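Residue numbers (the numbering used here), protein chains in the order written: chain Z, 20 to 253; chain H, 654 to 1023.
Hints are not guaranteed to be accurate.
To be verified - Derived coverage of chain Z by chain H (criterion: at least 3 residues anywhere in the stretch with Cβ under 8 Å from a Cβ of chain H; other residues may be distant): (1) 85-95; (2) 157-167.
As the list claims (entries may be wrong) - Quick list of the computed label-pair ranges, beta carbon to beta carbon: (3) Z/Tyr235 x H/His745: 39 to 49 Å; (4) H/Met665 x Z/Gln105: 56 to 66 Å; (5) Z/Ser232 x H/Asn780: 32 to 42 Å.
To be verified - Lysine-lysine pairs mimicking DSS-like chemistry, simulated, CA-CA at most 30 Å apart: (6) H/Lys937 x Z/Lys165; (7) H/Lys785 x Z/Lys132; (8) H/Lys716 x H/Lys805; (9) Z/Lys215 x Z/Lys35; (10) Z/Lys165 x H/Lys723; (11) Z/Lys63 x H/Lys723; (12) H/Lys723 x H/Lys760; (13) H/Lys833 x H/Lys974; (14) H/Lys727 x Z/Lys57; (15) H/Lys938 x H/Lys956; (16) Z/Lys132 x H/Lys727; (17) H/Lys757 x Z/Lys57; (18) H/Lys679 x H/Lys985.
Everything labelled a hint here was simulated from the structure, so no lab data went into it. Quick caveat: nothing in here was measured; it's all calculated off a predicted structure. Where is the CB? At the ideal position from N, CA and C, for every residue including glycine.
If you want the building blocks of each chain, they are given just below.
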Amino acid sequence: MITENPDLLALFTTLKMAGLTTIVLLIIGTPLAWYLAKMQSRFKVVIEAFVALPLVLPPTVLGFYLLIAFSPQYLPGQLWQQTTGQQLAFSFSAIVIGSVLYSLPFVVQPLQKAFEQLGDNLIEAGAMLGAGPIDRFFTIVMPLTKASFITAASLGFAHTVGEFGVILMIGGNIPGETRVLSIALFDHVEAFNYAKAHVLAGSLLLASMVLLSLIYLLNHPEKLKVKKIKGAKK
Amino acid sequence: MTQLTLDINCQMDTFLLSIKQALPLKGITGIYGHSGSGKSTLLRIIAGLNDQAAGQISFNDKKLLDTSSKYFIKAANRQISMVFQDSRLFPHLTVLANLNFAAKRSKGQQLDIDEIIDLTEIKPLLNTPVTKLSGGEQQRVALARAILVEPKLLLLDEPLSALDHASKNCLLSLLVNIEKQLNLPIFYISHSLPELQQVANNLLVLSSGRVQAYGDIHQVIHQLNHFDLTASGQSYQQTSLSLAIKSVDKHHQLVTLALGDNEEIHLPYSNNLIGKLTVSKEVKKIRCFILASDISICLSEPKNSSIVNKLFGKIIDIEQKKCQVLVTVECKRQKFFINISSYSLEKLALKTNLSVYLQFKASAVRSQIN
Chain Z
20 MITENPDLLA LFTTLKMAGL TTIVLLIIGT PLAWYLAKMQ SRFKVVIEAF VALPLVLPPT
80 VLGFYLLIAF SPQYLPGQLW QQTTGQQLAF SFSAIVIGSV LYSLPFVVQP LQKAFEQLGD
140 NLIEAGAMLG AGPIDRFFTI VMPLTKASFI TAASLGFAHT VGEFGVILMI GGNIPGETRV
200 LSIALFDHVE AFNYAKAHVL AGSLLLASMV LLSLIYLLNH PEKLKVKKIK GAKK
Chain H
654 MTQLTLDINC QMDTFLLSIK QALPLKGITG IYGHSGSGKS TLLRIIAGLN DQAAGQISFN
714 DKKLLDTSSK YFIKAANRQI SMVFQDSRLF PHLTVLANLN FAAKRSKGQQ LDIDEIIDLT
774 EIKPLLNTPV TKLSGGEQQR VALARAILVE PKLLLLDEPL SALDHASKNC LLSLLVNIEK
834 QLNLPIFYIS HSLPELQQVA NNLLVLSSGR VQAYGDIHQV IHQLNHFDLT ASGQSYQQTS
894 LSLAIKSVDK HHQLVTLALG DNEEIHLPYS NNLIGKLTVS KEVKKIRCFI LASDISICLS
954 EPKNSSIVNK LFGKIIDIEQ KKCQVLVTVE CKRQKFFINI SSYSLEKLAL KTNLSVYLQF
1014 KASAVRSQIN
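Model the full assembly from the supplied sequences, consistent with the hints where possible.
Below, the structure written as structure tokens:
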């Protein structure tokens, strides 16, 4: 049924891409953020700048370089083709890899900040109770930075859903593979199909608003409680 | 005897921490020194939380650190536990969950968690969020948590410095009980000599990263009388005693301690006496100290005085620094230290081998910190 409606198919592709990207980002972003929070080397600045690049670069610049890297003429593209037997450029895998780079700062930065704020005191206390590094991370660090993990995952997910330039450069517009909502919307506008464009644009706007509100709610639960009490007194 | 052998160097901001010392793993070892003398760094090096030190540390025959062969056992694997100045309880867990965190990771599985809960008197707090605990309660929980991991050595880094007097006295009694009941060696850091005087068996004194003195608590405290400690603005010249209880006069709220065969020292009875005089009948000795400035010297036997403590002894040493004089008097093989002015020294014509009477009020005999 999904395949019959091109917009629903685009929605499905978008959710799949954003979901997978978020999972990959949490897996790579967490150790990277930990490393950045704890390291004191000079290289730290360089890595931090690299992580933050997608915040300032036009997505087309990132997309352009990725397109070249993913093409079968260059090493990353070649390696991919040798191991999987498929071309990397213009594939679903390509847009996931592109999204991971594109949304990296949105996951790494909140986590890094949370790890820095947590400090070493409780981690040392854990070590003094016989807990090793992995044990300490899952039983002390993660529960205490839970809100930042939720923020990081939500921002990473939301930012990936809103991606356009990178995907256009490296994914093209293949239904069921690389045709995501933002690109479907662009198609509708180009075809002067404003009714369909309105549905897509409106739902994206609403969904993003709801998601962001949830993130802020999670980050400031105490402020909302105070307001409620004040209201009750009146 | 089991011992911790240290031979370490560690560069600090303004000096080199350099310690070569064997510390017996028995009873409570006090570590004393001014702020910035390297006490905390030493403890962190022993714990494995500071990996900047060079040298060797061995725990009995087991090596913990040997930088010549790049050997370093990580903090989590040393079976050494620590209680910090700030309790560092995990805020996302309840009191009971904090205790279970330690119990689950214990290598021994010998201790009964309920027994430790009773010992540290934290039963009513078990389901309380740790953020709702008072300072004293937090430290009792932190202590219970550190014990439950069943360490072979417990390190305490100024655990009482943030507490009020009542909580301090209560925790000090608790420490003595823990050491006795669990036979757990404890290294206790403090910049408060009265605290250490009450609980430590041995004392290590650090000054600018070096060992200034080490040995039996009373002896080291008496040694400190001769050092210039006025840098801190406070003189702790004192007589440190550990004496057997002879009798308790509840009517007059007075405890009498035996000094030798026939001399006595009286002190006020208090519910806060370290070692819980009221509860446990096992406590036969009381730790107390008398500040050198609280004792006076008489050439003839004082009579008809309200001052209850009167001892007869012989001057064995007189040390004069400007107008301040420190007189050492021996009585029943116990040394007493007395501060007098150079004016009194001349007026009484005091000299060594002269027999004198010492006088001090019962309230000058301190047996709790305040």
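Hint by hint, here is what the structure shows:
1. 85-95: This one is violated; 0 residues, fewer than the three required, reach chain H with a Cβ under 8 Å.
2. 157-167: holds (count 4)
3. Z/Tyr235 x H/His745: 39 to 49 Å: Given a distance of about 22 Å, which is not inside 39 to 49 Å, the answer is violated.
4. H/Met665 x Z/Gln105: 56 to 66 Å: For H/Met665 and Z/Gln105 the Cβ distance comes to about 59 Å; the hint holds.
5. Z/Ser232 x H/Asn780: 32 to 42 Å: holds (34 Å)
6. H/Lys937 x Z/Lys165: violated (53 Å)
7. H/Lys785 x Z/Lys132: Status holds; Cα separation ~27 Å.
8. H/Lys716 x H/Lys805: Within the cut-off at roughly 14 Å; holds.
9. Z/Lys215 x Z/Lys35: holds (22 Å)
10. Z/Lys165 x H/Lys723: violated (37 Å)
11. Z/Lys63 x H/Lys723: At roughly 26 Å apart (the allowed maximum being 30 Å), H/Lys723 and Z/Lys63 satisfy the hint.
12. H/Lys723 x H/Lys760: Given pair H/Lys723, H/Lys760 holds - Cα atoms ~26 Å apart, limit 30 Å.
13. H/Lys833 x H/Lys974: violated (41 Å)
14. H/Lys727 x Z/Lys57: At roughly 17 Å apart (the allowed maximum being 30 Å), Z/Lys57 and H/Lys727 satisfy the hint.
15. H/Lys938 x H/Lys956: With Cα atoms ~29 Å apart, H/Lys938 and H/Lys956 stay inside 30 Å; holds.
16. Z/Lys132 x H/Lys727: Measuring from Cα to Cα gives roughly 26 Å; hence the hint holds.
17. H/Lys757 x Z/Lys57: With a Cα-Cα distance of about 28 Å, the restraint between H/Lys757 and Z/Lys57 holds, given a limit of 30 Å.
18. H/Lys679 x H/Lys985: Given pair H/Lys679, H/Lys985 holds - Cα atoms ~28 Å apart, limit 30 Å.
Checked against the numbered hints listed earlier, the structure breaks hints 1, 3, 6, 10 and 13; every other hint is satisfied.
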